[in-house]
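K.L.:
I would like the entire structure built from these sequences, with the hints used as guidance.
Listed here are the chains, written in short residue letters.
Protein chains: 4
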Amino acid sequence: MPGMTIRLGRNQYGKAEVRVVAVDRSSARHTLVDLNVSSSLRGDFTAAHTAGDNAHVVATDTQKNTVFAFARDGIASPEAFGLRLARHFAGAHDWITGARIGIESYGWSRIPVGGRPHDHAFSRDGGEVRTAVVTVDGDGPDADVHVLAGLTGLVVLKTTGSEFWGFPRDRYTTLAETRDRILATAVTARWRYTSADLDWDTAFAGARTALLEAFAGTHSLALQQSLYAMGEAALERNPDIAEIRLSLPNKHHFLQDLSAFGLDNPDIVYHADDRPYGLIEGTVERDDVPPAPAAWEGTPGFC
Amino acid sequence: MPGMTIRLGRNQYGKAEVRVVAVDRSSARHTLVDLNVSSSLRGDFTAAHTAGDNAHVVATDTQKNTVFAFARDGIASPEAFGLRLARHFAGAHDWITGARIGIESYGWSRIPVGGRPHDHAFSRDGGEVRTAVVTVDGDGPDADVHVLAGLTGLVVLKTTGSEFWGFPRDRYTTLAETRDRILATAVTARWRYTSADLDWDTAFAGARTALLEAFAGTHSLALQQSLYAMGEAALERNPDIAEIRLSLPNKHHFLQDLSAFGLDNPDIVYHADDRPYGLIEGTVERDDVPPAPAAWEGTPGFC
Amino acid sequence: MPGMTIRLGRNQYGKAEVRVVAVDRSSARHTLVDLNVSSSLRGDFTAAHTAGDNAHVVATDTQKNTVFAFARDGIASPEAFGLRLARHFAGAHDWITGARIGIESYGWSRIPVGGRPHDHAFSRDGGEVRTAVVTVDGDGPDADVHVLAGLTGLVVLKTTGSEFWGFPRDRYTTLAETRDRILATAVTARWRYTSADLDWDTAFAGARTALLEAFAGTHSLALQQSLYAMGEAALERNPDIAEIRLSLPNKHHFLQDLSAFGLDNPDIVYHADDRPYGLIEGTVERDDVPPAPAAWEGTPGFC
Amino acid sequence: MPGMTIRLGRNQYGKAEVRVVAVDRSSARHTLVDLNVSSSLRGDFTAAHTAGDNAHVVATDTQKNTVFAFARDGIASPEAFGLRLARHFAGAHDWITGARIGIESYGWSRIPVGGRPHDHAFSRDGGEVRTAVVTVDGDGPDADVHVLAGLTGLVVLKTTGSEFWGFPRDRYTTLAETRDRILATAVTARWRYTSADLDWDTAFAGARTALLEAFAGTHSLALQQSLYAMGEAALERNPDIAEIRLSLPNKHHFLQDLSAFGLDNPDIVYHADDRPYGLIEGTVERDDVPPAPAAWEGTPGFC
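Protein chains in written order, with my numbering: chain A, 1 to 303; chain B, 1 to 303; chain C, 1 to 303; chain D, 1 to 303.
By construction, these hints were calculated from the structure, which means they are not laboratory data. Because the structure is a prediction, the values reported are computed rather than measured. Even for Gly, the Cβ is constructed at its ideal location relative to N, Cα and C.
Derived, one-sided and incomplete: chain C residues facing chain A with beta-carbon distance under 7 Å:
| hint | residue |
| --- | --- |
| 1 | Y172 |
| 2 | T174 |
| 3 | A260 |
| 4 | F261 |
| 5 | D274 |
| 6 | R275 |
Looking from chain A toward chain D, a few residues come up when the C-beta cut is under 7 Å (computed):
| hint | residue |
| --- | --- |
| 7 | E17 |
| 8 | N54 |
| 9 | T60 |
| 10 | K64 |
| 11 | A69 |
| 12 | L175 |
To spell it out: a stretch of chain A is covered by chain D in this simulated footprint if at least three of its residues, at any positions, have a beta carbon under 8 Å from a beta carbon of chain D; those stretches are:
| hint | segment |
| --- | --- |
| 13 | 6-12 |
| 14 | 211-222 |
| 15 | 273-280 |
| 16 | 286-293 |
P.N.:
Following this line, the structure appears as structure tokens:
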């Protein structure tokens, strides 16, 4: 096992979690965009690894500066901002072959004062986060460009309309079948567009609505069934979405047994459990769209 | 220093973070209440500490069971549920002198489907949490009863209408004065009612609205000024509130210097910083209401 | 309810979580101190609250700068650094009546290389954090000075030597008695010294050892008994400790019932549960030392 | 875009975060293993997704039960336990094609009492977590079996012996070059063994030592150089390791400018920053070992 058989494999580097906030004061009715931006560069960085030669290493501090500088012209949407940054980095030097921009976007709503939305005072929207991932491989018009949109932290729950029965039983099976349970999950979804030129905010809102309405409207025999219905709804609504990946933890709500206290419990009192939890992961896709593994490189999740 | 000079001082114990969810299915339009309940008992538990004698120790498992059993009859509001539980525990045994119930309440909104709120599908409201603390000392009609309501995790931001200048300068002062900055904070508020018999949900909603509107409407020369205006608004709106304690981290948004890149930055691009942060804590109170330190025992925060 | 009855109550403000790291390179064998420092000032800040007048408001940015500047001369120990800072702030202006410095200290150990501790490479010690709180009220030699030391996040467990039985049973009691259970907790402890001039590191190490040895050595009939034994041990070891407050979550490890699978489980397989958990809080104190509520102002925890 | 073009893509499901603790009391000197186990099954679950037919869905509750039941015979090591579980699930039904077991292992050390390690009292080791991922595709002797070991949360720092200079400068570059800086990171590493029959604990300890010693011993011109040296050391030490993937956040410690206060700062006082941070990710591999993408399916991280 001579040392010469050891080599550098795949690698990337960048600046993670640049917290940039851009305010538009062009009218009295201000707007703001609140992002967490992470950049990663891919290319030939072998000398940095093997010899500490940084001639190819665009400093992560420079990447951070670039994010702030680009925000000066306005951010528009996470996807549009990611495209600008990824194309810039991918084309910055001949040794850079590609760039990935990951963005989290935090929503803000106008505070109502006397029933009217305020011009410049906002409250942050809960735990849900909008996400975008832009990957650009190559430079100029021939570059491969991929855009993922998504969301995470969208916690949803149905108080009825969920069953679970008919599963196989083996030596280790003790779970009772149920025809009525609480179904709750925290949706993480990412979907891939086949276009890099869309009305991003409208496309996002449409997919989000499709996911929510399908979750609510599906009488669920399995969380897998809800997952598929949600993915299918997103694809049916928007022909520019090629595939969607969903990760749905089954946030168990167990009916509490109150019989020891002389009480019945007709689907009223539940214990919300932390761990363990089921975890259902799946892709819903069009069969006529070629896969694009490059779009998903470095994005967590199975599928 | 003989060992006999050492003794047990103040103490309490209980079960923390019972995650109880109660569903009301009495009509097709379901509702749910989602709580995190912590109970603490106070009284004579000396023998448990010094001799391991548990004759006085109502098991924390029993406390948990009681929470679930009481939820069978409906939770109504966090404050009402806390009152039922605290009165029960405080009067359960003669060696128990008091009980404290702390509650976090998570909000859920109906998912709109085709524009109409769904009957039994919900999404969880963001990061904001409604809180309640009920303390009962003694048993029966002579018991001292205190109710705190509050909220935490309400993140708010103003894009203008905030200044900071006129502060003293010493050897260690480098901060520039500003006539226009972003002001952002995550509100933690707790207020004390002088009544134990209110329409709790209405009172909570009113105080929350007062806080939000005062934050939005105050042209702020100091975060302290916003704090006072918020507290004052809550007290002015509701005569049953005796005092309010506010903890407001100053979530700094620093204007990013873009001059190195040949760019100006007329209040457009900011960096949202994590740490350190300012922390402003204060009480706003009525001068004709006696203080009630027992109401605040064991609740974090200065004041 | 005229508005004139509303007034400002107790308040404080400061800069929270200044992450200062100081390296001592005075010999080839470097050392480092890694702190998270929070300062709070108390005094007359009414005008800032009611009129936005900042003439009394030492900017939190100035407080941050002061922390870094004072670190230039070395930090020595968290307690000593807190004393320097608190005395400085408390005496800085006549309208400031007192200051509180809260510190978290993160430990680092030398990385062993070939069995020898490295001169300048370190790994951070786990989840345990050393804490200090210094409060100074007044200025000069007549000031009231209080020093709390402590630790948090010290997770300990005994695989035997813990029982729980003899507790009262009521309608809501279902817990079985046990003569052998796992006992686990995450220790948060804070103790008050009666001196402001000690060998702080030695005192800390002694108290920590006392806590650990008492936890390990106590055959526990109740977590309360372990708590008291731990506190007593700390006080017996060090006459400069007047009182100690302990908060011990009972991190439940439930024996898993394997009988449905035809297996016994003689205290082998457990499920570590997250929530709910028992929470035991208590003070152990000397009866001949006057209490010092000012030392504990603004520090979370009952007692 | 007819609906028929939509189909289920890749998917898996399982039970996440089963917190199993196994105690060995076979001698007076107890030992314990503390794991967080997640199982995922792969195979034909289409009917569950498209029709809510659960005939193929081994309940996640059953998977949880299996984890506990298997622990009855002892856990040995995370890798060995993962192999037992993965082989069981992969061979449980003909519609199951494979299984992935992900494990986090928390370390515990004996509490020293009077200088001697205690027989049954332990304290938990910090923030570092040992990890294992076992993937089995197929059943019986022909199955493809992959074992990854690793660690996460190992925070390391060098107070000197780190430089960063020679990087390219463009319009957005403002960073100064440095010949001496603090280098700190939180190591996440995963490595792939080419054998499924090793002394797992010894192999883990060896890799961990190699990583630590290489971090400490490398005079670093770039964090990439440290990454490569660390990976290379692990591979050189153990011929059974085919490749290692490292993710190293650059936890910036910025030298604090004290000149405004009339103070110099010769590499003494630093500010530990939270965000943004550099993020360096890379693989070090043997060139004579075929890649095994199946081993990494569903494991976060680039490469």
